[in-house]
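Q: Produce the entire structure from the sequences given, and follow the hints as far as they go.
Heads up: the protein sequence lines correspond to chains A and B, in order.
Under the numbering used here, residues 1 to 287 are what the first sequence spells out, in order.
Under the numbering used here, residues 1001 to 1103 are what the second sequence spells out, in order.
Just so you know, the hints here were simulated from the structure itself, not pulled from any lab data.
Keep in mind that this is a model prediction, so the values were computed, not measured.
Wrong hints could be hidden among the right ones.
In the EDC-like style, the derived pairs of lysine to aspartate or glutamate whose C-alpha atoms are separated by at most 16 Å in a straight line are [stated by the list, open to error]:
(1) A:LYS235 x B:GLU1095
(2) A:LYS86 x A:GLU100
(3) A:LYS164 x A:ASP139
(4) B:LYS1035 x A:GLU85
(5) A:LYS82 x B:ASP1029
(6) A:LYS197 x A:ASP212
(7) A:LYS124 x A:ASP196
(8) B:LYS1068 x A:ASP196
(9) A:LYS235 x B:GLU1097
(10) A:LYS235 x B:ASP1094
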Amino acid sequence: MFDVIIIGGGPAGISASLYTKRGNKKTLVINSESSTLQEVHKIENYYGFENGISGKELYDIGIKQAKNLGIEVKQEEVLSVKINEKGFEVITNKDTYESETVIIAVGNKKNKVKIKGIKDLEGKGVSYCAICDGFFYRDKEVAVIGSGNYAISETNDLINIAKKVTILTNGEKAPEFRADNVEINSKPIEEIEGKDKVEKVIFNDRSSINADGIFVAQGTAGGFELAKKLGLLIKDNHIIVNENMETNIKGVYACGDCTGGLMQVSKSVYQGTVAGLEVIKFLNKNK
Amino acid sequence: MSVLKLENANFEDEVLNDQGKVLVDFYADWCGPCKMMSPVIDGIAEKLNGSVKVGKINVDENQELAIKYQVMSIPTIMIFNNGIPVKTFIGVTDEQEILDALK
Chain A
1 MFDVIIIGGG PAGISASLYT KRGNKKTLVI NSESSTLQEV HKIENYYGFE NGISGKELYD
61 IGIKQAKNLG IEVKQEEVLS VKINEKGFEV ITNKDTYESE TVIIAVGNKK NKVKIKGIKD
121 LEGKGVSYCA ICDGFFYRDK EVAVIGSGNY AISETNDLIN IAKKVTILTN GEKAPEFRAD
181 NVEINSKPIE EIEGKDKVEK VIFNDRSSIN ADGIFVAQGT AGGFELAKKL GLLIKDNHII
241 VNENMETNIK GVYACGDCTG GLMQVSKSVY QGTVAGLEVI KFLNKNK
Chain B
1001 MSVLKLENAN FEDEVLNDQG KVLVDFYADW CGPCKMMSPV IDGIAEKLNG SVKVGKINVD
1061 ENQELAIKYQ VMSIPTIMIF NNGIPVKTFI GVTDEQEILD ALK
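A: In C-alpha cells, the structure reads:
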C-alpha cells in the first residue's frame, strides 16, 4: 500500500514526487511511455539553463533526480484507476497497486481519434469506458477502436457481456489476442454511421460491419479516459482542479498539462509542487 | 427535500404526469462515476427544497426505462419538463451546470 501513486513522470509528476518523498510519504511514480516534453527540441525559456536544454534531456534528468532520492519509478502502462474501500487501485499492464491518494499527471496526449461520426454519437453508442457502459450492450455487438494494451484491457471488460466484440485497429498492426467472441479487423475506418445511435462502422474500402456500441481505446489511457473511469469532472478534455490541484474526488489530484492551461514546464512544476504538498497535508490529516 | 426512488411503477405518475421540471438521475450500484454523482444529486435536491422534483432510477432494476430514454452511458442526468425530456447530461457533471439548466 502506497501513500501516493503518481501517474506520469514528466515535470508535474516528478515535482510532486520530490515533495511527497521528502515529506516521508511512500511514493510510487508510474511512468507510461513517452512525454510530450521528450519531443521538444529545445527549451530556452525555463529558469536556470543558460544555453537552454532539450526536452528529452530535461525529462531524463527529472526521472534520475527522483530515483536518486529513492523514489520508486516504474515504467508501466496504466490501464485503469478504481476506488476501493481503502483508497485507490491503479491497474497497469503488469500489476495492480494500491494507494491512499492518486496524483494524475499524465500530460496531454492527443490520442483522441478523429473519425467522422464519433463526436456526434458520443453518449449514443460511442463510449470511452467499457467498465462504465458495457452493461448497456448485453448480448449486443460492439467494437473497440485501438490495438494496444489499453484496447485489450477494454475488450476484456466487454467479452463477458457483449455477444461479439470486434477490435478495430484502424490500419494499425493487429494485436496478439484471441477469444471465442472476439474478431480483429485491421482496415482503416472511414466513418461511424448511425441516426440516433451507433449502427455501423464503414471502412475505407466501403465495406462495413454492424455495431451497437463503439468503445474508443486508441493508444494509451490518457487523463480523459482515466477521469471517465473514476468519475472526475472534465471540461474540454481537461481535468477540472481547484487552486490546490484537488479534483471533485477526495484523495485524487491532477496537475500539469492534463489540467489544461499553459503547456509550460514552469506551470507543470508549480502545479506538481502544489499537488505534492496538498497530498502530504491530506495524508497527515487522515492519519 | 428527499430524493425520490423512481421505477417503472411510479415513473408515469411522478415524472410524465408532473406539470413542471423533474430531475432524473439514471445510475447503477456498480458504476464508480455514479457514486461520485450521487451526493451531488442529493445536494441539488436539498438546495431546491422541493421546488423541483428530484429522483433516481436504478438502471439494473428498470431496464425498460433506460432503453426507452436511450440511456447508454451512466450516470445520465435528464431534465423533464411537463413529462418531456428537455436536457440530458452524460457523465459526471458539475452541480452548477445542472442548477443553471433547471432555472
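Q: Are the hints correct? Go through all of them and say.
A: Hints and how they fare:
no., hint, result
1, A:LYS235 x B:GLU1095, "13 Å, holds"
2, A:LYS86 x A:GLU100, "7 Å, holds"
3, A:LYS164 x A:ASP139, "8 Å, holds"
4, B:LYS1035 x A:GLU85, "13 Å, holds"
5, A:LYS82 x B:ASP1029, "14 Å, holds"
6, A:LYS197 x A:ASP212, "8 Å, holds"
7, A:LYS124 x A:ASP196, "7 Å, holds"
8, B:LYS1068 x A:ASP196, "13 Å, holds"
9, A:LYS235 x B:GLU1097, "12 Å, holds"
10, A:LYS235 x B:ASP1094, "10 Å, holds"
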